[in-house]
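Next come the chains, spelled out residue by residue.
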Amino acid sequence: MTTITFQIHDGSEQPIEAETGIPLMEAAVENDVPGIDGDCGGMAACATCHVYVDEAWCQKLGERTPAERAMLENSFDVQENSRLACQIPVTEELDGLRVEVAPS
Amino acid sequence: MSAPSSVVVIGGGQAGQQTVASLRKQGYEGSLTLVCAEAHLPYQRPPLSKAYLTGELPARRLTLRTEDWYANQDIEVVHEAAVGIDREAAAVVLAGGRRLGYDHLVLATGAENRRLTVPGAELSTVMDLRTKDDADALAAVLTTAEDVVIVGAGFIGLEVAASARKQGANVRVLEIADRVMERVLSPEASAYFARAHAEAGIEVRLGTGIAAVEGGIGREDCGEGDCRATGGSGSGGSAGGTNRDRGGSADRDGRVTGVVTSTGEHLPADLVLSGIGAVPRTQLAEEAGLEVDRGIVVDAALRTSDPAISAIGDVAVFPDGSGRRVRLESVQNASDQARFLAQSLLDGSEVPGTYAAVPWFWSDQGSHTLQIAGLRDDCEETVLLPVDGPEEFIAAHFARGRLRCVETVNRAGEHMAARRALATDVVPSAEEARAPGFDLSRWVRESVQRA
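So the sequence lines, in the order shown, correspond to chains W and X. With the working numbering, letter number 104 in the first sequence gets 94, and the count goes up by one each step, no holes. With the working numbering, letter number 124 in the second sequence gets 334, and the count goes up by one each step, no holes.
Hints in this document: simulated from the structure, not taken from any laboratory. A quick note: this is a predicted structure, and the numbers were derived from the prediction, not measured. Accuracy of the hints is not assured; some may be wrong.
[Stated by the list, open to error] A short, non-exhaustive set of chain W residues, derived as facing chain X with CB atoms under 7 angstroms:
| no. | residue |
| --- | --- |
| 1 | Asp29 |
| 2 | Gly31 |
| 3 | Ala35 |
| 4 | Glu53 |
| 5 | Ala57 |
| 6 | Met61 |
| 7 | Glu63 |
| 8 | Asn64 |
| 9 | Ser65 |
Note that the Cβ used here is the ideal one computed from N, Cα and C, for glycine as well.
One chain only, chain W, in its complex shape (with noise of 0.2 angstroms):
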């Protein structure tokens, strides 16, 4: 298990125990992360599992996936540091991430 901790559009935060080996998405849909909903499973097709990535971790999570890019260079609020959660595979790397929920 890897824990993360997600930030939530009222400020809160909410840290998950993450399952190793499926997307950062599932994981968060399984524990109800307010925001994020993952509606096309995990395609990178619809966007709604749009995340900002604490900076410290950009470089461990690696690039963009292709569909990823198009999607975020399109999406509404996007940063340098926009994610989708599907396209992040949890690691135990990925022990004690930090992630924001984007906007809408």
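Given the coordinates of chain W, work out where chain X should sit on it, guided by the hints.
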């Protein structure tokens, strides 16, 4: 009107599940019951024709929420069919006789597949796909099937065609219309997919229906021509299905050996998949006297003709922004309507608001990801936008000169840009789109910034 003290949701699909999840997420504390006729907890349906069918996605990840989650959220899941609504007593009647009282009732009953009715349609390897059980049965037969005939070139038919082809089967698709996905795609997008599937080795026969399915009870019962026995397809068995052999030789197991097309041609087949569309499940609503017209009719707040009852998802006929009544079968529609409804029930205001969301759809067919933003049905003009290669496609559709719908293949960026434009109603004109080198993403980025 204050928030209801008890909510019953009928239907354990995406819409029903999202309703109970959103109600709890948004702080609803009253009694909450999900009536789910299937034996499984609610699960995702889109992968059933794709990653789950081919074994890439395990069953565990298909399930939307675990049993523990429902217990922790204090949501009762009743695995039983609802057989009636007693509106006077405000209660749902279950098949076993139990009655569930409700303060508010949500009908998320979905749709069911149209069934093939041609001779031979009762054979055990004539299958269709809607549920996890259907997918399990289909996957078991697919592993040994050599010749697959798919009836209907819609989303489901072509997604399964791509999955079956990937697993090495010979795949033929019969489509009565003169182009693929005629009901949902523009002629330009249909042409893209006709070519894509042909290149993948899938044979699509347009203007061709199915007249009969052959097999099951031995050669003497077959029509003339190429009527093969099922030998060589192994002993895969009738997984999940009942043995509907009509008394012929037992080793035939009621399996398909071929089909006869509407043009009189015989094609070999050991599996026939029917993907000929769906009809909304309106029976409960009709019997309860609610307004039904090709779906359960709801107002802009998704309430039926009885304000204590709402309908959402595949089954609901709702007014879209321009006042037309539409019924949409998609995950987006199910999820967005569920979230809207949960919020509006909790608001408890006199005027429950207006549901408005840009509809979008997707379908993965082999290496081609189709995405559609908006509705194309009242568009008069189409502009094909430039792309970077033969595996990409963008068609922009305009109504009264304004962008209303965009179809893309493998162009997620333009899809997202279109959704953003349609959601904010800052859209390019057909004239702008016709300019050489028009870039939809750039146009939307710049226009939204200006706005």
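Here is what the structure says about each hint:
Checking Asp29(W) against chain X by beta carbon gives a least distance of about 5 angstroms; that is within 7 angstroms, so the hint holds. At about 5 angstroms, the closest approach between the beta carbon of Gly31(W) and any beta carbon in chain X falls short of 7 angstroms, and the interface hint on this residue holds. At a threshold of 7 angstroms, the smallest CB-CB gap from Ala35(W) to chain X is about 5 angstroms, leaving the interface hint in force. Interface restraint check: Glu53(W) against chain X, minimum CB-CB distance 16 angstroms, threshold 7 angstroms, status violated.
With its C-beta approaching chain X no nearer than about 5 angstroms, Ala57(W) sits inside the 7 angstroms limit, and its interface hint holds. Of the supplied interface hints, the one on Met61(W) holds, with its beta-carbon coming within about 5 angstroms of a beta-carbon of chain X, less than 7 angstroms. Evaluation of the Glu63(W) hint against chain X yields a held restraint, the C-beta minimum of about 5 angstroms falling below 7 angstroms. The restraint placing Asn64(W) at the interface with chain X holds, with a minimum CB-CB distance near 4 angstroms, inside the 7 angstroms limit.
About 6 angstroms separates the beta-carbon of Ser65(W) from the nearest beta-carbon of chain X, less than 7 angstroms, and the hint is met.
Of the numbered hints listed earlier, the single one contradicted by the structure is hint 4.
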